[in-house]
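J.: Construct the entire structure; sequences and hints are all you get.
Per the UniProt record's numbering, residue 1 is the first one in the sequence shown, and the count goes up by one each step.
Hints were generated in silico from the structure; no laboratory data involved.
As the structure is a prediction and not an experimental result, all values here were calculated from the model.
Even glycine gets a Cβ: it sits at the ideal position worked out from N, Cα and C.
Mixed in with the good hints there might be a few duds.
[Unchecked claim] The calculated DSBU-like cross-link candidates involving lysine-lysine, where the alpha carbons are at most 35 Å apart (straight line), are:
| hint | residue 1 | residue 2 |
| --- | --- | --- |
| 1 | Lys93 | Lys222 |
| 2 | Lys531 | Lys594 |
| 3 | Lys595 | Lys529 |
| 4 | Lys541 | Lys462 |
| 5 | Lys44 | Lys151 |
| 6 | Lys186 | Lys93 |
| 7 | Lys727 | Lys611 |
| 8 | Lys136 | Lys151 |
| 9 | Lys196 | Lys93 |
| 10 | Lys462 | Lys174 |
| 11 | Lys186 | Lys176 |
[To be verified] Just the calculated beta-carbon pair ranges, DEER-fashion:
| hint | residue 1 | residue 2 | range |
| --- | --- | --- | --- |
| 12 | Arg55 | Leu388 | 49 to 59 Å |
| 13 | Ile464 | Thr179 | 38 to 48 Å |
| 14 | Arg253 | Asn154 | 47 to 57 Å |
| 15 | Ala202 | Ser132 | 39 to 49 Å |
| 16 | Asn211 | Leu388 | 27 to 37 Å |
| 17 | Phe41 | Thr156 | 34 to 44 Å |
| 18 | Arg55 | Lys185 | 19 to 29 Å |
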Amino acid sequence: MNRKISEDKDSNFSSSFIFRYLPYWPLFLILILISFGGAWFYLKLATPVYETDARILIKDEKKGSEDSKTLESLDLISPKKIIDNEIEVLQSKSLLNSVVKNLNLYAPVSAETRFNTISAYANSPVIIVPDSNTMKQVNKVYFTANSNSVKFNNKTYPLNEWVDTPYGRLEFKKNKYYTTDETNKKLFFSLINPKKVVSSLASRLTVTAANKLSSIVNISFKDEIPERGEDVVNELIKVYNRSIIDEKNTLARNTSQFIDERLARVGEDLVTIEHKMQAYKADKGAVDVDTQGKLFLENVSSNDQKVSEINTKLSVLNQVENSVRSKDLSSGIVPSMAGVDDPSLTQMVKNIFDLQIEAESLKKTTGENNPLYVSYIDRIEKIRPQILQNVENQKQSLLASKSNISTTNNSYSSVLQSMPETQRQLVDISRDQAQKSSLYAFLEQKKEETELSYVSSLFGSKVIDQAESSEYPVSPKKKFVYLIATLLALVTGFGIVVGKETLRSKVMFQKEIENLTQLPVIGEITAEKSKNAIVIGNNQKTLIAEQFRKLRTTLNYLGIGGNHKRILITSAISGEGKSFVAANLAISLSLTGKKVVLLDFDLNNPSLAAKLNIDSDHVGVTEYLQGTTGPDKIIRPTEIDENLFFISTGKLPKNPSELIMNEKAGDLLNYLDGIFDYIVIDVAPVGPVSDAYILSPFCDATLYIVRHGFTPKVFIERIDENNRLNKLTNAAIVFNGVSNRGIAHKYGYGYGYGYGYTYDDRKSNKLFPALRK
Numbered sequence: 001m002n003r004k005i006s007e008d009k010d011s012n013f014s015s016s017f018i019f020r021y022l023p024y025w026p027l028f029l030i031l032i033l034i035s036f037g038g039a040w041f042y043l044k045l046a047t048p049v050y051e052t053d054a055r056i057l058i059k060d061e062k063k064g065s066e067d068s069k070t071l072e073s074l075d076l077i078s079p080k081k082i083i084d085n086e087i088e089v090l091q092s093k094s095l096l097n098s099v100v101k102n103l104n105l106y107a108p109v110s111a112e113t114r115f116n117t118i119s120a121y122a123n124s125p126v127i128i129v130p131d132s133n134t135m136k137q138v139n140k141v142y143f144t145a146n147s148n149s150v151k152f153n154n155k156t157y158p159l160n161e162w163v164d165t166p167y168g169r170l171e172f173k174k175n176k177y178y179t180t181d182e183t184n185k186k187l188f189f190s191l192i193n194p195k196k197v198v199s200s201l202a203s204r205l206t207v208t209a210a211n212k213l214s215s216i217v218n219i220s221f222k223d224e225i226p227e228r229g230e231d232v233v234n235e236l237i238k239v240y241n242r243s244i245i246d247e248k249n250t251l252a253r254n255t256s257q258f259i260d261e262r263l264a265r266v267g268e269d270l271v272t273i274e275h276k277m278q279a280y281k282a283d284k285g286a287v288d289v290d291t292q293g294k295l296f297l298e299n300v301s302s303n304d305q306k307v308s309e310i311n312t313k314l315s316v317l318n319q320v321e322n323s324v325r326s327k328d329l330s331s332g333i334v335p336s337m338a339g340v341d342d343p344s345l346t347q348m349v350k351n352i353f354d355l356q357i358e359a360e361s362l363k364k365t366t367g368e369n370n371p372l373y374v375s376y377i378d379r380i381e382k383i384r385p386q387i388l389q390n391v392e393n394q395k396q397s398l399l400a401s402k403s404n405i406s407t408t409n410n411s412y413s414s415v416l417q418s419m420p421e422t423q424r425q426l427v428d429i430s431r432d433q434a435q436k437s438s439l440y441a442f443l444e445q446k447k448e449e450t451e452l453s454y455v456s457s458l459f460g461s462k463v464i465d466q467a468e469s470s471e472y473p474v475s476p477k478k479k480f481v482y483l484i485a486t487l488l489a490l491v492t493g494f495g496i497v498v499g500k501e502t503l504r505s506k507v508m509f510q511k512e513i514e515n516l517t518q519l520p521v522i523g524e525i526t527a528e529k530s531k532n533a534i535v536i537g538n539n540q541k542t543l544i545a546e547q548f549r550k551l552r553t554t555l556n557y558l559g560i561g562g563n564h565k566r567i568l569i570t571s572a573i574s575g576e577g578k579s580f581v582a583a584n585l586a587i588s589l590s591l592t593g594k595k596v597v598l599l600d601f602d603l604n605n606p607s608l609a610a611k612l613n614i615d616s617d618h619v620g621v622t623e624y625l626q627g628t629t630g631p632d633k634i635i636r637p638t639e640i641d642e643n644l645f646f647i648s649t650g651k652l653p654k655n656p657s658e659l660i661m662n663e664k665a666g667d668l669l670n671y672l673d674g675i676f677d678y679i680v681i682d683v684a685p686v687g688p689v690s691d692a693y694i695l696s697p698f699c700d701a702t703l704y705i706v707r708h709g710f711t712p713k714v715f716i717e718r719i720d721e722n723n724r725l726n727k728l729t730n731a732a733i734v735f736n737g738v739s740n741r742g743i744a745h746k747y748g749y750g751y752g753y754g755y756g757y758t759y760d761d762r763k764s765n766k767l768f769p770a771l772r773k
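T.: Rendered as structure tokens:
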């Protein structure tokens, strides 16, 4: 049961919605056509944007790839890539700045068309190469070009040469993409601040990891010129790989410098020890270390070598610590990490130096208050203690290892003490010589490894898919644009309808009446365009005639019939059609064969006589109430139907309300009860006078006429309040003058202006009936 009620409500809502807005279909059609025209024009002028995609593999240099394992096995200084970090690097403004300058994107060439300006990246015969040190920014410089020269400002400049211009030193080169001579387009070049171009590129660049566990990175870039998009992505990959090589070479140079310094010092120590050995042998006459001394040296030499390596690592860590503790890292010289096997420390050291370089660059251009600069400094201060803690942990570990080795060496001291003095001193010198020789060999090995790493210069990424632009534009999307245009047209249409109908102060819909008063709406009468006030007859099958027949039947709802025969008809104000409804309802009742009398009790502004085409000078209600004539004298037959009789107002009195309060009014109705089956009374509106409230107690039902688009809502709101003070007997509302929307509907009253099924004689030839209301 509940489900059926819900379905009925949904159905009613849908029907109400359609019935309310469908009559405005010409408005919606025009709005959609206008929107589609605007969408077409937008698509015609909009610059299509293409998407360029590429995929690269970020190599894990610690593990290496199949084609480079041999070389990378010697490359001990390359940090392990962290994909998220590399994505940030690929999107960094420093790399994009290199792309902008390498491709001369800050000196774009454009072409003026009939309606707009487009990029001539692939259609210009030349490209502009500016000298960034002397360049002066300029918006538009119109030029012409041929195969040998460029001309602007009435001056000709050769190609492939640096020339001085009013805008700085420029070089003009042939465009590799140019194939046709498009002389119909006016070309100009601009010189823009590279930072603006970098920001534009950054907003259109997307770099993402293929998935969480993959080292594959997807690069996507959107641009209006497919060729330029591919150039940008390819150049970005090239610059990224170049930065990896530069980073490796910088580390290699620093490491090589550190090793060279150590080799020089160790070499000097070896020379000193050699001289000491020769002097000692010459002085003591010792020829060689004996068997016991050789055994001792064999036992301690391995440990001595380990101590030397530990000392080297401690030296490196001290250098790193001193560099990181320094507040000025802007030199960009990353300390050597030779011998340090901790990838995380290597990566953190690289990151802090890179951040410092970016921060210093921002500081010079935007100042210390720039939010991005502050962000860089915050990140540096977060990384700094992590590096220092890592260094301290490694130093403590190395010192502990060194202490253990020293303890082991001390266990051999008894052997050394048991030797003769001469032999013992010779062993000490030999031991120092062995230590320095071992350290020298170790440093020579690291130097060779560093040189090999420097020479290899392997790329940090491998291209899986070359940059390739989409075949069709990714924006604007035609379907999406037309969808938005349609939605915009519909929203605009709904807004116009709502603004037109719901913001009016007049009653437009039956639903509004039902929301404003508790009185039921028992009928709707369609607006009548003809001048004839009588719209119902024996053989008439018009819409309005059927509506009056339906209203006649609905009177049973109010209990009319039998001894309950008195029907009072009134309205809020004049002009709502109460007399029209009274006349046609009376005729409708008479057509059933019942005897009906129509009383014109509107003693202020009578109109029934004119509608019925009857002489209004005949004695009527006024004369009867004044006692100058009897009830039988005021009843007149009509030519409309033999069962319809009429009582006019007679001469208009000066005091109609007081006259109606005469007890003779009740006597008249009692007299008519004995003669007629129905008594239909037309009385003055309740707004200006109280006549209806005086007569209502004598009647069995009251029809309150409300006219579509005419009756102010405020009068409907007052009905219930007035009824509490002066009750209208058994009152119900008839919605009159409803505009025929020409839409058949199975639910009858209350949807839109009216239920609106039409007959051929009610067809409208107007395109915008709803809009004219």
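J.: Hint by hint, say whether it matches the structure.
T.: Verification of the hints:
Annotation: proposed proximity of Lys93 to Lys222 holds, straight-line Cα distance about 17 Å (limit 35 Å). A threshold of 35 Å between alpha carbons decides the hint, and for Lys531 with Lys594 the separation of about 27 Å falls inside it, so the pair holds. Under the criterion of a C-alpha separation no larger than 35 Å, the hint pairing Lys595 with Lys529 is consistent with the structure, at around 29 Å. Between the alpha carbons of Lys541 and Lys462 the distance comes to roughly 86 Å, so the proposed pair goes past 35 Å and is violated.
In summary, the hint linking Lys44 to Lys151 is supported, as the alpha carbons are separated by about 32 Å, within the 35 Å threshold. For a cut-off of 35 Å, the pair hint linking Lys186 to Lys93 stands: about 33 Å separates their Cα positions. A hinted pair counts as satisfied when its Cα atoms are at most 35 Å apart, and Lys727 with Lys611 qualifies at roughly 29 Å. Straight-line distance between C-alpha atoms of Lys136 and Lys151 comes to about 18 Å, which keeps the hinted pair within the 35 Å bound.
Taken as a hint, the Lys196 and Lys93 pair is honoured in the structure, with Cα atoms around 11 Å apart against an allowance of 35 Å. For the hint linking Lys462 to Lys174, the alpha-carbon distance of about 31 Å falls within 35 Å, and the restraint holds. Restraint check for Lys186 and Lys176: satisfied, since their Cα atoms lie roughly 20 Å apart, inside the 35 Å limit. At about 39 Å, the beta-carbon gap between Arg55 and Leu388 misses the expected band of 49 to 59 Å.
A hinted range of 38 to 48 Å for the beta carbons of Ile464 and Thr179 is inconsistent with their spacing of about 30 Å. For the pair Arg253 and Asn154, the supplied restraint of 47 to 57 Å holds, since their beta-carbon distance comes to about 51 Å. Here the CB-CB span from Ala202 to Ser132 is close to 19 Å, at odds with the stated 39 to 49 Å. Range check, Asn211 to Leu388: about 35 Å between beta-carbon atoms, so the 27 to 37 Å window is met.
Separated by about 41 Å at the C-beta atoms, Phe41 and Thr156 satisfy the suggested range of 34 to 44 Å. Between Arg55 and Lys185 the Cβ separation comes to about 36 Å, which falls outside the hinted range of 19 to 29 Å.
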